[in-house]
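Protein chains: 2
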Amino acid sequence: MKVAKFGGSSVASADMLQKVANIIQEDAERKFIVVSAPGKRFDDDIKVTDLFIKLGEQHISGKETESTLQQITERFLSITKELDLSDEIVERIKKETTFLLKETGNTAHLKDALKAMGEDSLARVLSAYLNKIGLNANYVNPKDAGIIVSDQPGDAQVLDSSYEKIYQLRNKEGISVIPGFFGYTEKGVLTTFPRGGSDITGSIIAAGVEADLYENFTDVSSVYCVNPNIVENPVEIKALTYKEMRELSYSGFSVFHDEALIPAFNKNIPVCIKNTNEPQAPGTMIVAKKENYNGPVVGIASDKGFSSIYVGKYLMNRELGFGRNLLNILVEEGISFEHAPSGIDSMSVIVRSNQLTEKKEERLIRRIKQELNVDNISINHGLGMVVIVGEGMSQRVNVAAIATTAIAKAGVNIQMINQGSSDVSMMFGIREEDIDVTVKSLYQDFFESSMPVR
Amino acid sequence: MKVAKFGGSSVASADMLQKVANIIQEDAERKFIVVSAPGKRFDDDIKVTDLFIKLGEQHISGKETESTLQQITERFLSITKELDLSDEIVERIKKETTFLLKETGNTAHLKDALKAMGEDSLARVLSAYLNKIGLNANYVNPKDAGIIVSDQPGDAQVLDSSYEKIYQLRNKEGISVIPGFFGYTEKGVLTTFPRGGSDITGSIIAAGVEADLYENFTDVSSVYCVNPNIVENPVEIKALTYKEMRELSYSGFSVFHDEALIPAFNKNIPVCIKNTNEPQAPGTMIVAKKENYNGPVVGIASDKGFSSIYVGKYLMNRELGFGRNLLNILVEEGISFEHAPSGIDSMSVIVRSNQLTEKKEERLIRRIKQELNVDNISINHGLGMVVIVGEGMSQRVNVAAIATTAIAKAGVNIQMINQGSSDVSMMFGIREEDIDVTVKSLYQDFFESSMPVR
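Order-wise, the sequence lines are chains A and B. Reminder that position 112 of the first sequence reads as 97 in my numbering, one-by-one numbering, no gaps. Reminder that position 174 of the second sequence reads as 159 in my numbering, one-by-one numbering, no gaps.
Honestly, I wouldn't trust all of these hints.
Where chains are identical, the list cannot tell them apart; a pair therefore holds if satisfied intra-copy or between any two copies.
Derived BS3-like pairs (lysine-lysine); straight-line CA-CA distance at most 27 Å [said to hold, decoys possible]:
{"#": "1", "residue 1": "Lys425", "residue 2": "Lys394"}
{"#": "2", "residue 1": "Lys274", "residue 2": "Lys(-13)"}
{"#": "3", "residue 1": "Lys394", "residue 2": "Lys48"}
Just so you know, these hints were derived from the structure itself, not from any lab.
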């Protein structure tokens, strides 16, 4: 049993939907289909969901909504016509939308209901089309599927109580087509998930029906080992572990929001990233455990926008509680830290710069000076992080050597190294402007050279 | 104006004292002489101070003290006779000691008074000898010198009020010979310093008289860049900075207790480690700033006896305050930490193993599990630290590369790297049993190879 999720670009047009239908037809195991709303067909196209959001804003600010609704229905008509489906679904969109605008107050729930229309309607379109080509498919509303969520409009979290109900879907005849991006509260109110919503739905369904595989169809044939904007057509990753995926996406990989996969991860369900335009390509597997490593490093990620808070105090090492007190001030200022390298008489705390404001920095410096009476303190911005990721790398004797040598070759000065806690990654702090040359050099030595890794 | 301090081995015998006298005679700037008590003349010899401690213990436990006092006086007689000095000093030791045992209660002050007799008597011997050979020298009691200390027997700290009085010594005629290791409380009670006591006295006098140089005469001609028990006759360090000295001695260098030098450091007084047996050798200078670096690394230190506390928790990075809360538990358990490397979902804290007991570990694990409900926690022992020290090393592009490559060459797996806060050092966590091969390999690549450091 497989759960297949198709993203916005995979359902953007009639011919894309035909590709989707073929993919579903090809494998009888693909019993649960989760879909996004139609995305962009070309660069300056508008996503259907954005149109619904626009419509909602127009309504709330008392502007006319006719033309936007027109845009939306035309978008869907272009699909249904080409797939030779009845106009009934499009009529439904008109009725439903007008009803929502009339009956629902200008609440967050109205926004959520409108935002969900794109996914919901597309699911109806796809299931109709699948039937038309002779498959037994049914549109399944998330409420009937059993997706019960917390009452947080736009930021819903699935409730554990959902899974028992979802498991029942296994017994359902034929193919279930489920709209992504939303669920219903215990009171029965439609509520949407945060960013990456359809991925979350797919992950929840996969976990609920205990699928053998969760296929995530996008517009890339696999995950690259490094940002293709930095290195031209880099190596494709065949398989990576959940942990590796998490480290990579946390450190700037934008394949998708790793936390969307948590439900699937928790049930140890393998995930496969595939390309709707190239379904025969193996794609990238995300699994709990990898059998054999092809190298110690599976990917290189990088991210900008870090700052370091340096604190120096003679005989700091003698002061029990200094580190705790320093971090405590940060907590009280609502600042979370990424790394905290320390010396005998000094300690640095690396934080994301977006947590700092000029005011906050002044207060931080004042508080740290006064409360910890330190000898010197300084805050530096423009710090970048480069992370090499690979489970078990800490078992390899010369990974650190290869990495630091590659960085030195690039003529880049390492400002911070954080290694020792995670077995999955090694982090290097460098100046933001050095990120590209650093990543290039690391890529070369880990993926292109034949340096033996011990 | 120079302050010269002579350690126990430098004043262990008459012929050593003659060497000391020559050194003083050679340089008219050497106006302030600080001495230890006679140390060992040969391996299984007994230090005079240890004899006084023994005598004190015998007295307190009601045993007879005669034979021990005999040993002490004979030890001094062997010196005074050979230097052809009157027996009056030795007579004084007998009288004074007997008086102390009779009049002073069995208090910590008795112990301190006895412990100080070695230094005090030797200072009288040396000043007498200097006069005998035609120099104008005076024994100066620490009370008259102005060394006022806190009332902590065996662990006295100098009071800032001392320095004004000590500065007056500059006006004193001739050479002042001051016994090391003790001062007097404001109430006038003799109280001794902690370990490294004579070094502390020398450092205080140097700071007080604002000397141009503080010469610390020992039995080594210079500080080595690495432990000679690991690497045979290693490079000698010509000059190192206070910071470098501190990092090295903190990380297992046993030249002497770096904190003994704090008074001199605070007044920016240069320190020179010299050898009484080879006074013409340049020795090792310890200064505030080094002019030019001969290499990025001035020394390599290593130390055993560390443990790492590993804590793993999924989505730890989302939890504001986790790091603070973890360190807080350690503080409440009275445990100070050395390093705290962290990952996205994990954090490790490296502590000195001597702070842990089986009971404490159990409590730690229980508390961390309960209070931070973590997914997993483990404590590992037998961790060693190797530290490469050199001010400004973080400015050098390939120091990390050379170091990690050297460690990899030794076939050693790096368990932790801590770099980023101190500009003076880079620390590597390895298994204790790997320390020697690691240090050897680092020494080779930083001090013997001609690898260009950029």
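Outcome of the hint check:
1. Lys425 with Lys394: Answer is both: 11 Å inside a copy and 25 Å across each meet the 27 Å cutoff.
2. Lys274 with Lys(-13): within (20 Å within a copy, 68 Å between copies)
3. Lys394 with Lys48: Close neither inside one copy (60 Å) nor across copies (72 Å); limit 27 Å.
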